[in-house]
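Going line by line, the protein sequences match chains B and S.
When we follow my numbering, the leftmost residue of the first sequence carries the number 1, and every step to the right adds one.
When we follow my numbering, the leftmost residue of the second sequence carries the number 1001, and every step to the right adds one.
Just so you know, the hints here were simulated from the structure itself, not pulled from any lab data.
There could be a bad hint or two in this list.
Said to hold, decoys possible - Covered stretches of chain B (in silico footprint by chain S; criterion: 3 or more residues with CB under 8 Å from a CB of chain S, positions within the stretch not fixed):
#	region
1	41 to 55
2	66 to 78
3	161 to 172
Stated by the list, open to error - If you want the footprint, here are the derived chain S segments under chain B, 3+ residues with CB under 8 Å:
#	region
4	1003 to 1014
5	1287 to 1293
Ideal placement from N, C-alpha and C gives every residue a C-beta, glycine not left out.
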Amino acid sequence: MIEISNLHKTYNQNTPNEFEALKGVSFRLNDKPLIIQGISGSGKSTLLSLIAGFEKPTKGKIVVDDMLVSKLPDLHLSHYRATKVGFVFQHFNLIDSLSVMDNVIAPLIPIYKDISHIKQLALKAMQRVGIEHKAHQHTKDLSGGEKQRCAIARALVNDASIIICDEPTANLDSKNSQKFIEILKELKDDGKRIIIATHDPIFENLDFECDMLRLKDGKIEE
Amino acid sequence: MKNSAFLYFLSLMLFKQKSKHIGSIVISVVLIALISSVFFISSSIKHSLKLTLKTQPDFVVTKSTLDKSMDSSLVEQIASIRGVTHINARIYGRYFFNNKGKSFLIVGIDPFEESNAKWLKSLFKDIDIDKFLSGEYMIVSSQVEKFLSAHFFKSSYTFKLPKGEFRHIKIYKTIPTQANLIANDMILLPIDTAKEILGIAEDKVTHISFDVPNDAEWQNVKTVLYDKFLNINVVDKKEISSYYDEMFAYKQGMFLLLYLISLVTFMMILYQRYSSVYSVDKKEIGILRALGWSIKDILRLKLSESFIVAMVSFVFGVFIAYVYVFVFDAPLLKYIFFGMDNLSVDIKLVPYIDMGMIVSLWLLYTIPFVSAILIPSWRVATTSAKEAMK
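Construct the entire structure; sequences and hints are all you get.
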């Protein structure tokens, strides 16, 4: 269960550039995927990065499976990101000078010691999204769709229970966007908890059930 | 269990950034090779001098007045002091080669005296002492031989005596280059011949050397000598040893200062580069943090990365310095230590490594190098992953 209560995030606090990105957001995530919609600057990405543990809220609580994520010290928060969360970034955030395989294994290095075991897990993740044939190619040489599949493989490699995607189709054509929706459906069927921030209309007519949440100016729009 | 995953990823990161690392390695190798060469030369010279000093007498007495000669009767008087052994008279003086501004160190010895005989035997196994004593022959250093040969004195030289007469002396043997550290411009002669060439009266000597086997008696003997005889100067082995230390520590210190200035500049460039210029590095750290790497994991990676770069640079730098100093005899750099004011120096540096120096150099280089990379990495790692990925 993921529960968010009264979540606030203020950047550049106590400076002339102070900006409140989230203003008391609360919701509970059920088994259904959650689609967070809103225009740019509405606070979608901030909300995702708080749930993923990339940064800490200024105020409020994030509870994931009875764990108070918003108050975890760095070591535990890193472990949470490494074991519970798989994140697909809008711009993929791959390490361009590494191969697909080496990008996919990166989240497992702090967790496992045996490289051959890690490579087996990475291969499985790559097979799942159909990118294994590009395993030894540098990610800088991949197409947008291939980069995204690499990013998804990296998000899946640690068998995370929460998959968070930030504008996952923003850099994809309609064909690759459709493929992503199919992968999403498979992940949902596997019991993964999925949170997607997007303003792509493709997510409004999905053939599986989702919860919708609309953000505007850092607040949930009723 | 061996952490093959971490080692694999570490090698990936090192290989991926090889052009960046090669730049750091090249600069580091140059700096380390330069300062190691200086330390190698200086420690080799000091070591050789100290080894040479071990074979030398414990005390040397000279005259402190303008006239450097002493009555040879002083030898017997000093020998009568309790604790003094192996007393020996020598002649030291400079012979100036006409119009060239060069001079030779004339050393007159008694080849039958125990320590002299031992020294000569160690230099030449087949030396015929009687032949040397005939007065017709001299033993010269390789540099003196080279110098004379260049001035058309192939196998002998005609010395001009103080009274205007000439004395023709043949070269009997050449001192091996290994001894050039103390004998670079030396001409060894029987004591009487040396007196004749330098114009020293028969009953005079310039140096009296002796041993005092009991260390505890050294100060007492020195006090007795100063009390008993006027206008003398007594130098013991320990004083000579500390003189050598000071002389080379001074030159070594100048280079160390130069090295530190270069090192600090280099570290500042590195720090600056890791702090701001390389946003790719910053983004990578951010990505790894987002993927679940803790601050500790990031620091471990960066520490290992910088440590390997530092170690490779250090090993290469020290190796190059070793080859430059002990295989190629440190061309250019050694003249800073030996000088070239008189005859050119031809000294074979004996391989000697002062481990304390190596460890100090390693610490002096590695700590700032690793810090220059680790501190900016730590600063990035402690910001939020979202911020670092921007």
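Consistency of the hints with the structure:
Under a criterion of three residues with beta carbons nearer than 8 Å to beta carbons of chain S, the stated coverage of the region 41 to 55 of chain B is upheld, 4 such residues being counted. Given a C-beta distance limit of less than 8 Å, the hint that chain S covers the region 66 to 78 of chain B holds, as 3 residues qualify and 3 suffice. Coverage of the region 161 to 172 of chain B by chain S is violated. Counting CB-CB distances below 8 Å, 0 residues qualify, and the rule asks for three or more. Counting residues of the region 1003 to 1014 of chain S whose beta-carbon sits less than 8 Å from any beta-carbon of chain B gives 8, enough to reach three: the coverage restraint holds.
With a cut-off of 8 Å between beta carbons, the region 1287 to 1293 of chain S has 7 residues touching chain B; three or more are needed, and the interface restraint holds.
Violated hint for the displayed structure: number 3, the only one.
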